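Protein chains: 2
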Amino acid sequence: MQYYLDGFRSGSPDQKNAQPNRREYGAHAPLPETVDVLIAGTGPAGLCLAAQMSQFDDISTMIIERSPGNIAKGKADGINTRTMEMFQAFGFAESVKRESYWVNQTAFWMPDPENPANIKRVGRVQDVADDSSEMPHTLINQARVHELFLEVMKNSSSRLQPDYGWMVVDLSIGDEHEGFPVSVTLQDTGVNWGEIKTVRAKYVVGCDGARSNVRKAIGGELSGDSAHQAWGVMDILANTDFPDIRQKCLITSAHEGNVLILPREGGYLFRMYVELDKLKDDERAAERQFSQQDMIRVANQIIRPYTIDVKEVVWWSIYEIGHRMTNRFDNVAEDAVGEQHPRVFTAGDACHTHSPKAGQGMNVSMQDTFNLGWKLAHVLQGRSDPGLLRSYSSERWAEAKRLVDTDHEWARIMSAPPGESDLDRDDEPRFMRQFKENLEFTGGLAVHYGPSRIVGSSEYQALATGLEVGRRFHSAPVVRLSDVKPMQLGHVAQADGRWRLYLFAPQNDTGEAPSVLADVCQWLESHPDSPIQRYTRSDEDLDALIDVRAIFQQTFEALNYETMPPLLRPMKGRLGLQDHEKIFCVDHKGEGDIFQMRGINRAQGCMIVVRPDQYIAHVLPIRATSELKVFFDGVFVKP
Amino acid sequence: MQYYLDGFRSGSPDQKNAQPNRREYGAHAPLPETVDVLIAGTGPAGLCLAAQMSQFDDISTMIIERSPGNIAKGKADGINTRTMEMFQAFGFAESVKRESYWVNQTAFWMPDPENPANIKRVGRVQDVADDSSEMPHTLINQARVHELFLEVMKNSSSRLQPDYGWMVVDLSIGDEHEGFPVSVTLQDTGVNWGEIKTVRAKYVVGCDGARSNVRKAIGGELSGDSAHQAWGVMDILANTDFPDIRQKCLITSAHEGNVLILPREGGYLFRMYVELDKLKDDERAAERQFSQQDMIRVANQIIRPYTIDVKEVVWWSIYEIGHRMTNRFDNVAEDAVGEQHPRVFTAGDACHTHSPKAGQGMNVSMQDTFNLGWKLAHVLQGRSDPGLLRSYSSERWAEAKRLVDTDHEWARIMSAPPGESDLDRDDEPRFMRQFKENLEFTGGLAVHYGPSRIVGSSEYQALATGLEVGRRFHSAPVVRLSDVKPMQLGHVAQADGRWRLYLFAPQNDTGEAPSVLADVCQWLESHPDSPIQRYTRSDEDLDALIDVRAIFQQTFEALNYETMPPLLRPMKGRLGLQDHEKIFCVDHKGEGDIFQMRGINRAQGCMIVVRPDQYIAHVLPIRATSELKVFFDGVFVKP
Ligand SMILES: Cc1cc2nc3c(=O)[nH]c(=O)nc-3n(C[C@H](O)[C@H](O)[C@H](O)COP(=O)(O)OP(=O)(O)OC[C@H]3O[C@@H](n4cnc5c(N)ncnc54)[C@H](O)[C@@H]3O)c2cc1C
Ligand SMILES: Cc1cc2nc3c(=O)[nH]c(=O)nc-3n(C[C@H](O)[C@H](O)[C@H](O)COP(=O)(O)OP(=O)(O)OC[C@H]3O[C@@H](n4cnc5c(N)ncnc54)[C@H](O)[C@@H]3O)c2cc1C
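Residue numbers (the UniProt record's numbering), protein chains in the order written: chain A, 1 to 639; chain B, 1 to 639.
No lab work stands behind these hints: they were computed from the structure.
The structure displayed is predicted, hence computed values, not measured ones.
A hint or two may mislead.
[Unchecked claim] In silico contact screen, one side only, chain A against chain B (beta carbon under 10 angstroms); selected entries:
hint	residue
1	2
2	91
3	104
4	147
5	238
6	240
7	242
8	267
9	314
10	480
11	557
12	560
13	562
All C-beta atoms in this analysis are idealised placements derived from N, C-alpha and C, irrespective of residue type, glycine included.
Based on the provided sequences and hints, a complete structural model is requested.
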């Protein structure tokens, strides 16, 4: 962590210095009249966006929630590895790692062929494939995830807090040229129930869940599966003789239905999902009146010969959900694209809903707004033209679609009769094989954004075969040169709206002029065509917009810090202090060589451009300065 | 982390449920009349003890501080690996790892033989030897360490806070049979300056620094070096062309003196120590009037040809200190040992002071009270007789003595004329060689308590050559069987006053009866001679006093959870929930085999008894139940 740039201050480094004249949140303090970004809903989508926006001192944000406070329990609990990587950028991945359950192995149980009334373990699968992410797949209750985002907000310079007890009832979009064109009608859901208030915003984001009023206001409609799936879900403190109770388990019984076991944070709690439409007819008929006791009874039938002795039901629910989505995630109709720029967006369950089986609901919701946040910031800060905002809907719609399709495919495979040749190739049960094939996808690692003004072509992909354009930057171990610290390169990326430019040096390049790396740094620092020169404002630090880091092929003893290019040791902040965290070399502690792990061309090196949301925007030859210029000219506008 | 044992609760798991009728800390709330433990001073020693005591719901603690609040800057900054291991037990090692500077390499600079007016790097040493600890050596300001302990206190069930603005002026020890025999006179140092108040305590611990009033009250006197060493110390935000500024550096100039560079948390700050008695005569003469500017000028002379451009002086001080210590760390005079039990203790700087060069001051202070805390708890809870308390002074006095001696030895070697054969054996500068030899010591890892009622003999040491009786339990990687989680075995030890008993299974033992491991578990759980049977109270969980964990030689696939001994899956808490975190196996992810790493006899296995402060109390054959009984009979008294 870097801090004290503008002088020493005691206390937690996570807490930023407070802004003067920031909004007051005391009792009876008024709501603001206008705001840059108004967010509806404090679910994972809304809180992730609020936490992101709170990182920008010059943008005002307001987040509205119908309920009187944060949820205490229930809802989703799966944090895939991709989301953990994002949490790292927000600074709380370590907290989640410490508090959460880690999914290390997933166990599969099926009817015992010798006695089909009983279940038997048929196999286990390592849940996070080696080197697929440096992060674990974790399970923790959604309320706690909310709290961690709330802490980020509260630690920000605006000390952002939700406005609980207000709901968005409607909104209207006025003239583009008004300062705050979106007029939002709020209704008090607290003591002054029914009281109406209007707030005007530059942008509105509906993170208000499956029954979203924001979606309705922009004419969006969820469509898709008409047949909803119903799940009984229960978080319990219970004892059992089932030996895999602390492992994620997919359990299929011969005749009683299926149950999914998810062990949870704290070492005692676990969750059970019972797929209600897979129950026997008599069970299912009672679905509407299905009770806690029914669910416990059914689970006990499924896991025979084992039993579950429930001590405390923490939360339970019948969760009915279809795979449904809207046709776009903003207010611009297909025929107006190009003429009109979006002012209102929807994210998360407000525009797409998913079965809990793949554990994606909470994850995609946050990834939606992590995609949107930096784009809003760029436009509000005048760094990019508002045309950039359209990419939110196109990128995230395609991902939601892929999610729905994958789940349908999974369902098709699972429900096909046994023995079909393409499905039952070998001994391994098909759902185990399919689970393995889906791991990258369920880990959130398969997301792949198509070419656009913010995703370049893959012309030079061969220079870094393991860092694919359009996919997330896949971290790997490095050593920081200045202090010889072993670390993950990906962890330099904070949720701060900045772009990263990784310069992977060609073999034998030490950074000392004359060298390719020295030339590129020189160009980046001072050439009039350099995006840093063109788009960084005169009152900003050299790395305020594009944060350049270099990675050398040598280990630390073979490099000289004093001959490194000045761009890699920039003076920053109020005091003009030197930043010593831009230069990396290859790990010498047996963690692996990043050049080899990510397939980087050793002879040539390369440049990797990474977006503020950690997605790879471009892979370019190390000397491709003109391509770099062209790419960033498509992203930014002159200040 | 394990939590929710007594039911689900939302919020941070670090925050314990609050006690009913706990003390109120609001403005104008009264001080208590009596308290079990009164601690004087909120330095590292006092706060570590307060954090420890706050873990025991049935013990009341009060911590008094003369100043009006926590310090904001300055003082010590080095956290050695041993202290990091202790922080892990308190739950905040991850926070320190995230926020702090890590000392990875220490660089040595000496006069350039070709131009002695300039310095030149002569070498580097890896600062934490491979597998000497799983923790890094870190640097972070003392104020922040204080804050992290304060958080532990505040999260405890008593919501313990310091009483700032009071000083201990004197104390007297009354009759042993009074409930609260120590009468402590406090004086208000705040608004009601001079007001006197008396609090009676069962035990008093003077953590009140080098000028300790508690030490004076029990007739202790610091003695040792009469010649104080004087150091100029300065925490600065500065730029420099000195290339190793983000590495710990020992710099010796030809004629200008020595400087020690310690990079600090946040990436910009660093500390410089200038050894004032090594300065040229004209500099030294001015020692008393030595100013900030002098210090900066001298540092610039020493590091020639490089320069330091100071942007902000965060803190600076002339720190004068001798290696001094008292002859005992409690109130019992030598001739009364055996007749009298200690009631008053001193810890940290109150009873021993050290040169900052070895970076030990803050570390030993905390290790002092970590040694004392569980002993106080055992006696106050009636688990041990008060004779146990004497071991605090004997164990910690010997360690302080070793520290003083080692520092003297270091000084002797450093000041001997060059060319003496035993000191200059080879090319490597003697101070670099000596630094390497001292690493285990400066890491806090050389601490070795002698045999006593709480440290057994080393008769069976050959069964675990890497886990030495009397030294700290050296962690190693394992995998937890129930959830296949890769982790450090040492991290199961929390600062909760419990003993750990590690059962290392013999080869091929799977825990399934009949087997050696099953037998031992059976004995521990139910035999009347078992210390668990004898000393655990009937209303307590089976592992409340002695926490048994088993480690098997197989990897996870080769073991069956369902056939493990019941002792290793105990039912606990209000709900009788099963604990699934007692059984470990060998790592399968390439982190290493604990049996091999710690030299454990594969054929026989062994038992390792670990004290609540993480020191190894005993190594025993796996079947040595009668020796185990004898050992614990020496520790505990029947409830
Ligand atoms: C009862 C329930 C159980 C679930 N169980 C699971 C599960 O077991 N597994 C799983 O993967 N997923 C589950 N989910 C889904 C998962 O929680 C969602 O996918 C995830 O929360 C989506 O996040 P979101 O931020 O888009 O929406 P939500 O988390 O739904 O958040 C929307 C928020 O907006 C608020 N809101 C709604 N309307 C307005 C308005 N007009 N104005 C202001 N605020 C408004 C709501 O009160 C809510 O706080 C469950 C959802 C529900 C509701
Ligand atoms: C100015 C200064 C600079 C230092 N610099 C370094 C350094 O550079 N490197 C290094 O390794 N170590 C340094 N130290 C030493 C290091 O801080 C100590 O070794 C460490 O703090 C010892 O911890 P402690 O808890 O024993 O005592 P302290 O940290 O000294 O804490 C004692 C506490 O007791 C309080 N107190 C004193 N008397 C009373 C009383 N009668 N009643 C109630 N409260 C009382 C004090 O206000 C203080 O808060 C420095 C110490 C000082 C004072």
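Each hint, compared with the structure:
no., hint, verdict
1, 2, "holds (4 angstroms)"
2, 91, "holds (8 angstroms)"
3, 104, "holds (4 angstroms)"
4, 147, "holds (7 angstroms)"
5, 238, "holds (8 angstroms)"
6, 240, "holds (8 angstroms)"
7, 242, "holds (9 angstroms)"
8, 267, "holds (4 angstroms)"
9, 314, "holds (4 angstroms)"
10, 480, "holds (8 angstroms)"
11, 557, "holds (8 angstroms)"
12, 560, "holds (7 angstroms)"
13, 562, "holds (4 angstroms)"
Checked against the numbered hints above, the structure breaks none of them.
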